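Top line first, the protein sequences correspond to chains G and Y.
When you read off a place in the first sequence, starting at 1, and then add 85, the result is the number in my numbering.
When you read off a place in the second sequence, starting at 1, and then add 85, the result is the number in my numbering.
Rather than coming from a laboratory, the hints here were simulated on the basis of the structure.
Bear in mind the structure is a predicted one, so any value in this text is a computation, not a measurement.
Some hints could be false.
A pair holds if it fits inside one copy or across any two, identical chains being indistinguishable in the list.
To be verified - Straight-line alpha carbon distances no greater than 27 Å define the calculated DSSO-like cross-link-like pairs of lysine-lysine that follow:
| hint | residue 1 | residue 2 |
| --- | --- | --- |
| 1 | K190 | K170 |
| 2 | K190 | K171 |
| 3 | K125 | K171 |
| 4 | K128 | K171 |
| 5 | K190 | K128 |
| 6 | K128 | K170 |
| 7 | K170 | K125 |
| 8 | K190 | K125 |
One-letter residues, chain by chain:
Number of protein chains: 2
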Amino acid sequence: MSNTKVLPLLEPDAPAAGAPCCPPLAERPFTAEEAARTAKMFKALGDPVRLRLFSLVASHEGGEACVCDISDVGVSQPTVSHHLKKLREAGLLTSERRGTWVYYKVAPSVVAAMGQMLALPREGA
Amino acid sequence: MSNTKVLPLLEPDAPAAGAPCCPPLAERPFTAEEAARTAKMFKALGDPVRLRLFSLVASHEGGEACVCDISDVGVSQPTVSHHLKKLREAGLLTSERRGTWVYYKVAPSVVAAMGQMLALPREGA
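Based on the provided sequences and hints, a complete structural model is requested.
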């Protein structure tokens, strides 16, 4: 009998869901595929209510929040849930159910990758 | 008869069009007004064709390009012009007419401000 364990194979060519995608936007023209992947993330933040919710979660104690922590954004709780789900689908938030509530947290690597895409070369460099 | 000229008054409270807006998204929850202003910029990059065009302009020689420099994005020239105008209206590009063509250039301060909004506090900091 063997004690050998089969380790999961890494697939370096397959990007993980929500993984950072692309080089800085000023480095070279994006391909259609890169643009399609990346536009989803920017689109997710392109709605005023989602942007407020994202900043509420990102600035909340411990960097996470649930719908129960969110009020006064002027929309109903189901609408808040809907928008948080959209942010999760875009890879910007992760979620975890604990008891009654789903908690949302910022996905730091994805947000950092978006920030790096917007990095411009320095003037004269 | 008076030669007095009326100078336009500066309005320090009115933000300049396309001026950097907001603190990092993780610093504090955005107000509705901040979110409304900022979502427009993210929305402008939330379309695959606009994102490709933006990266084409940003990575083009001299950091500027006109419609005449842009081909192979799979849409017609009027559609390219339409999207470049949307990027300009969002404050991400500036434009200048020279002869027959309008040249577009990245607005570095606006793009840098977007990048700074996406800056997250370091873990453990």
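For K128 vs K170, is the C-alpha pair at or below 27 Å within one copy, between two copies, both, or neither?
Both: 14 Å inside a chain and 18 Å across chains, each within 27 Å.
Homo-oligomer pair classification [K171, K190; C-alpha up to 27 Å]
Within one copy only: 13 Å inside a chain, 32 Å across chains, cut-off 27 Å.
Could you figure out if K190 and K128 sit no more than 27 Å apart (CA to CA) within one copy, between two copies, both or neither?
both (19 Å within a copy, 22 Å between copies)
My question is about K170 and K125: at a cut-off of 27 Å on alpha-carbon distance, are they close within one copy, between copies, both, or neither?
Both, since 13 Å and 21 Å are each at most 27 Å.
Please sort K190 with K170 into within, between, both or neither, judging by C-alpha distance up to 27 Å.
within (12 Å within a copy, 35 Å between copies)
Within a copy, between copies, both or neither: which one fits K125 and K171 at a CA-CA cutoff of 27 Å?
Answer is both; intra-copy 10 Å and inter-copy 17 Å each pass.
My question is about K128 and K171: at a cut-off of 27 Å on alpha-carbon distance, are they close within one copy, between copies, both, or neither?
both (10 Å within a copy, 14 Å between copies)
Within, between, both or neither: how does the pair K190, K125 come out at a Cα-Cα threshold of 27 Å?
both (18 Å within a copy, 24 Å between copies)
In summary, the structure agrees with every hint in the numbered list given earlier.
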